[in-house]
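There are 2 protein chains.
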Amino acid sequence: MSKIIDIGKKSIDDYVFDIIVSFQEGIDNVIIKGYGEYISKAVDVYNELYSRLGESIELINIEIGSEKKSGRLKSYIAISIKRKY
Amino acid sequence: MSKIIDIGKKSIDDYVFDIIVSFQEGIDNVIIKGYGEYISKAVDVYNELYSRLGESIELINIEIGSEKKSGRLKSYIAISIKRKY
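For the protein sequence lines, the chains are A and B, in the order given. Under numbering that gives the first Met the number 0, the first residue of the first sequence carries the number 0, and numbering increases by one thereafter. Under numbering that gives the first Met the number 0, the first residue of the second sequence carries the number 0, and numbering increases by one thereafter.
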């Protein structure tokens with residue numbers, strides 16, 4: 000099971016907490032997705048998560064590109080991570 | 000030959016222009032590097048470059064992490080691209 004965490008206005012710690020709870024609920028793969036100005040925060044969330052969970056998560060893939068969102072092209076990042084058992 | 004383009008306050012187009020000039024000067028690999036708030040802009044620069052040069056560039060690697068900069072840990076992205084001939 001996988002889940003997309005869409006990064007927005009909540010705090011970095013809130014997203015980290017959401018991801019840890021998702022793992023506890025049995026989600027194996029999480030995609031941290033940030034658009035536009037939230038790309039930087041998506042990387043912050045990954046780094047904070049890594050500093051808390053370390054080797055028990057694995058970075059699977061990083062994708063960057065642009066997508067239409069609300070009618071205009073926006074840059075995005077999608078950071079795929081996996082929980083290791 | 001490779002070159003690091005450190006993303007800061009200049010416009011997206013300025014960085015795209017710097018990279019195109021670097022390729023014309025014989026640089027093969029460029030690393031677009033952005034710290035903190037400039038991570039989003041680094042992705043914008045890549046997307047803009049891709050929309051201009053398309054298939055003549057290749058995305059080699061994307062690295063994310065955190066590094067000490069000015070005495071404190073900062074998130075970064077390093078987007079490695081290669082010119083194709």
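A couple of the hints might just be wrong.
Only pairs whose alpha carbons sit at most 25 Å apart, straight line, appear in this in silico BS3-like list of lysine-lysine [claimed, not checked]: (1) A:Lys9 with B:Lys9; (2) B:Lys73 with A:Lys32; (3) B:Lys83 with B:Lys68; (4) B:Lys32 with A:Lys73; (5) B:Lys9 with B:Lys81; (6) B:Lys73 with A:Lys8; (7) B:Lys68 with A:Lys73; (8) B:Lys32 with B:Lys68; (9) A:Lys32 with B:Lys32; (10) A:Lys73 with A:Lys32; (11) B:Lys67 with A:Lys73; (12) A:Lys73 with A:Lys8; (13) B:Lys81 with A:Lys73; (14) B:Lys73 with A:Lys81; (15) A:Lys83 with A:Lys8; (16) B:Lys8 with A:Lys8; (17) A:Lys73 with A:Lys9; (18) A:Lys32 with A:Lys2; (19) A:Lys9 with A:Lys32; (20) B:Lys8 with A:Lys73; (21) B:Lys73 with B:Lys8.
Since the hints were derived computationally from the structure, they do not count as laboratory data.
We went through each hint and held it up to the structure:
1. A:Lys9 with B:Lys9: Measuring from Cα to Cα gives roughly 28 Å; hence the hint is violated.
2. B:Lys73 with A:Lys32: holds (19 Å)
3. B:Lys83 with B:Lys68: violated (33 Å)
4. B:Lys32 with A:Lys73: holds (19 Å)
5. B:Lys9 with B:Lys81: holds (22 Å)
6. B:Lys73 with A:Lys8: holds (19 Å)
7. B:Lys68 with A:Lys73: Cα-Cα ~28 Å, so violated.
8. B:Lys32 with B:Lys68: Within the cut-off at roughly 13 Å; holds.
9. A:Lys32 with B:Lys32: holds (19 Å)
10. A:Lys73 with A:Lys32: With Cα atoms ~12 Å apart, Lys73 (chain A) and Lys32 (chain A) stay inside 25 Å; holds.
11. B:Lys67 with A:Lys73: Given that 25 Å is the threshold and the Cα spacing comes to 29 Å, the pair is violated.
12. A:Lys73 with A:Lys8: With a Cα-Cα distance of about 17 Å, the restraint between Lys73 (chain A) and Lys8 (chain A) holds, given a limit of 25 Å.
13. B:Lys81 with A:Lys73: holds (23 Å)
14. B:Lys73 with A:Lys81: At roughly 23 Å apart (the allowed maximum being 25 Å), Lys81 (chain A) and Lys73 (chain B) satisfy the hint.
15. A:Lys83 with A:Lys8: violated (28 Å)
16. B:Lys8 with A:Lys8: holds (23 Å)
17. A:Lys73 with A:Lys9: holds (20 Å)
18. A:Lys32 with A:Lys2: Since the Cα atoms of Lys32 (chain A) and Lys2 (chain A) sit roughly 10 Å apart, the hinted pair holds (cutoff 25 Å).
19. A:Lys9 with A:Lys32: holds (13 Å)
20. B:Lys8 with A:Lys73: The hint holds at about 19 Å.
21. B:Lys73 with B:Lys8: This hinted pair holds, its Cα atoms lying about 17 Å apart.
Hint check: violations occur at hints 1, 3, 7, 11, 15; the rest are consistent with the structure.
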